[in-house]
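> Sequence:
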Amino acid sequence: MAEARQSETHGFQTEVKQLLHLMIHSLYSNKEIFLRELVSNASDAADKLRFQALSDGSLLADDAELYVRVSADKEAGTITISDNGIGMTRDEVMSNLGTIAKSGTADFFSKLSGDQARDSRLIGQFGVGFYSAFIVAESVTVRTRAAGAAADEAIEWSSRGEGEFDLRQIDKAKRGTDVILQVRDDAEEYLDEWRLKSIVTKYSDHLNIPVQMPKRDDDGKADGWEAVNSGQALWTREKSEISDEEYKEFYKTIAHDFEDPLLWSHNKVEGTSEYTSLLYIPKRAPWDLWNREQQNGIKLYVKRVFIMDDATQLMPTYLRFVRGLMDSSDLPLNVSREILQDNKITRSMRNGSTKKVLSMLSKLAKDEPETYQQFWNTFGTVLKEGPAEDQANQEKIASLLRFASTHMDTSEASTSLDEYLERMPEQQQSIYYIVADSYEAARDNPALEIFRKKGIEVLLLSERIDEWLMSHLSTYKEKAFQSVTRGDLDLGELEDEDSKQQQEAAEKAFEDSAKRFEKALGDKVKSVRVTHRLTSSPACIVTDENDMSTQMAKLMEAAGQKVPETKYIFEVNPEHTLVQRVVALDDEQRFSEWAQLLLDQATLAERGNLKDPAQFVTRLNRLMLELTDA
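Final position of the sequence shown in the UniProt record's numbering is 630; the numbers increase by one with none missing.
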């Protein structure tokens, strides 16, 4: 290597500093995973070069046999992981080794508490990658030359993991990357080649790039290189030949996770389209689960040649938590993202993988409901995106949804739609639900009073996505969904003839009072009518069937959208003592004050806020003073 050129010093991104600190101090019990991560990165670099060489054979030059090499030097106290893969340019080194170029990192690190065991699990969700080198190394040097670059355009990156890294241009005879670890005193066990070999065979035996280590003669001297992994891609083997432990270790390698997967499915599909899929569902959510723009977790191979690791065309966005790979026998090796975008083979693979994941989850829900509940607690909100995104599988997705309900004791308890249908009275024609800002607000909404009185179950929805979900989920098994806070309440055959006659009589008797309320409230309401929802509250507000619901309006406002003002229907309970006393007032000014107060109370119960809370407080205080003076 020629004399190094002038060095530049750069500071790490803040999140990298935090991650490095945790690598060094929190993962002492999982040290060996550093080699799994670095070998996996090196294998990916070789895979990427092999793919690019399909369209530009000159990138391989005279070095076409791709490999990953692992060696240790006990005297120098170093471990070196080398590859002759794609390499990196200066900009790629800055991007890949100096920053974590993903959104959501701030939220991820806000969850770290300093508790070593807990933070270790969180880092497992994050994916440790290159920075795992600092688990065992007091300093790390990376020398890399991009494929196609000149020998004097290579880059050396070095750091002690303490906030800064040095960068300089060097000469490097061959393309690829060398990662050199200066091993800490407490990690000297990894300088033993047998120890390194055992880790490689444990974690990386499946890699189809040969992982080589020094071949020793009888005197222990290095005599060339030999592959220490089997080199057979795990997914190409028969399922009967693969142990559960091998499946789990393979998952940890491709997902960069510390924990075992929740479940997996390995399938070979033959027919009009031939491909192999190996799909995993994690136990824990990855740190960037809520970023819909994140790279997908599905790797694409064609005839065992790696093509890309963010094949979004192979899995719908609402299943973005799925990890794994798909290996096609039909796609061309030089397939591009543009070709994948509108390709019947890709569509077939996507449809097949989607149905397989939904089938896995359905089986889990049926056979292990408690485990499925754990899955739901982790990924349920993401799955709720499905009915809008995937019309073809809408009912299957709906069967996997879980809801709190008025028949459950706590917000943690949940029910499926099938269980709801089983409990429905025979004459009930609709699935009733309510959407609110919180579980408590949904549970205590006055609109539920008549349903409780009649023992009719109502689903309680309280997540931000729920209103959007229900706007796309109109029926389930021929039963229509009906919001209890929208439109006219029609309980159909659940109401007996006497009740209907009593309601009609109440409406007629209240006609004059309803007009009086409408005059007092003016354009603040759409209309005033007798309620059939309330039994113990004086009034409530509901939206017209064709108007935007409260929660949808809040959702759009939160997204920065302009939302037209909703005019509510004001429903009054004429049997309530407070309403009767207000109606009995002769003073129209006082009647108007009380009418506004009832409207504000109803608005608070439905919306959780008022446009002018100060005016509400002033009016309330004034009316209370009148009562005390009386």
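Treat each hint with caution, since some may be false.
What the hints assert, rightly or not - No farther apart than 25 Å at their CA atoms in a straight line, the calculated lysine-lysine pairs in the DSS-like style are these:
1) Lys479 <-> Lys453
2) Lys366 <-> Lys356
3) Lys174 <-> Lys248
4) Lys248 <-> Lys74
5) Lys202 <-> Lys174
6) Lys303 <-> Lys252
7) Lys500 <-> Lys554
8) Lys611 <-> Lys567
9) Lys221 <-> Lys48
10) Lys508 <-> Lys453
11) Lys283 <-> Lys239
12) Lys508 <-> Lys567
13) Lys31 <-> Lys202
14) Lys74 <-> Lys197
15) Lys215 <-> Lys252
16) Lys74 <-> Lys31
17) Lys508 <-> Lys454
18) Lys396 <-> Lys454
19) Lys524 <-> Lys477
20) Lys252 <-> Lys396
21) Lys283 <-> Lys74
22) Lys356 <-> Lys454
23) Lys355 <-> Lys344
24) Lys252 <-> Lys197
25) Lys366 <-> Lys248
By construction, these hints were calculated from the structure, which means they are not laboratory data.
> Could you run down the list of hints and mark each one as holding or not?
Evaluated hints:
no.	hint	verdict
1	Lys479 <-> Lys453	holds, 22 Å
2	Lys366 <-> Lys356	holds, 15 Å
3	Lys174 <-> Lys248	violated, 35 Å
4	Lys248 <-> Lys74	violated, 32 Å
5	Lys202 <-> Lys174	violated, 29 Å
6	Lys303 <-> Lys252	holds, 23 Å
7	Lys500 <-> Lys554	violated, 35 Å
8	Lys611 <-> Lys567	holds, 13 Å
9	Lys221 <-> Lys48	violated, 33 Å
10	Lys508 <-> Lys453	holds, 24 Å
11	Lys283 <-> Lys239	holds, 22 Å
12	Lys508 <-> Lys567	holds, 24 Å
13	Lys31 <-> Lys202	holds, 14 Å
14	Lys74 <-> Lys197	holds, 15 Å
15	Lys215 <-> Lys252	violated, 28 Å
16	Lys74 <-> Lys31	holds, 18 Å
17	Lys508 <-> Lys454	holds, 24 Å
18	Lys396 <-> Lys454	violated, 31 Å
19	Lys524 <-> Lys477	violated, 39 Å
20	Lys252 <-> Lys396	violated, 29 Å
21	Lys283 <-> Lys74	violated, 39 Å
22	Lys356 <-> Lys454	violated, 41 Å
23	Lys355 <-> Lys344	holds, 16 Å
24	Lys252 <-> Lys197	holds, 18 Å
25	Lys366 <-> Lys248	holds, 23 Å
Of the numbered hints stated above, those contradicted by the structure are hints 3, 4, 5, 7, 9, 15, 18, 19, 20, 21 and 22, listed in ascending order.
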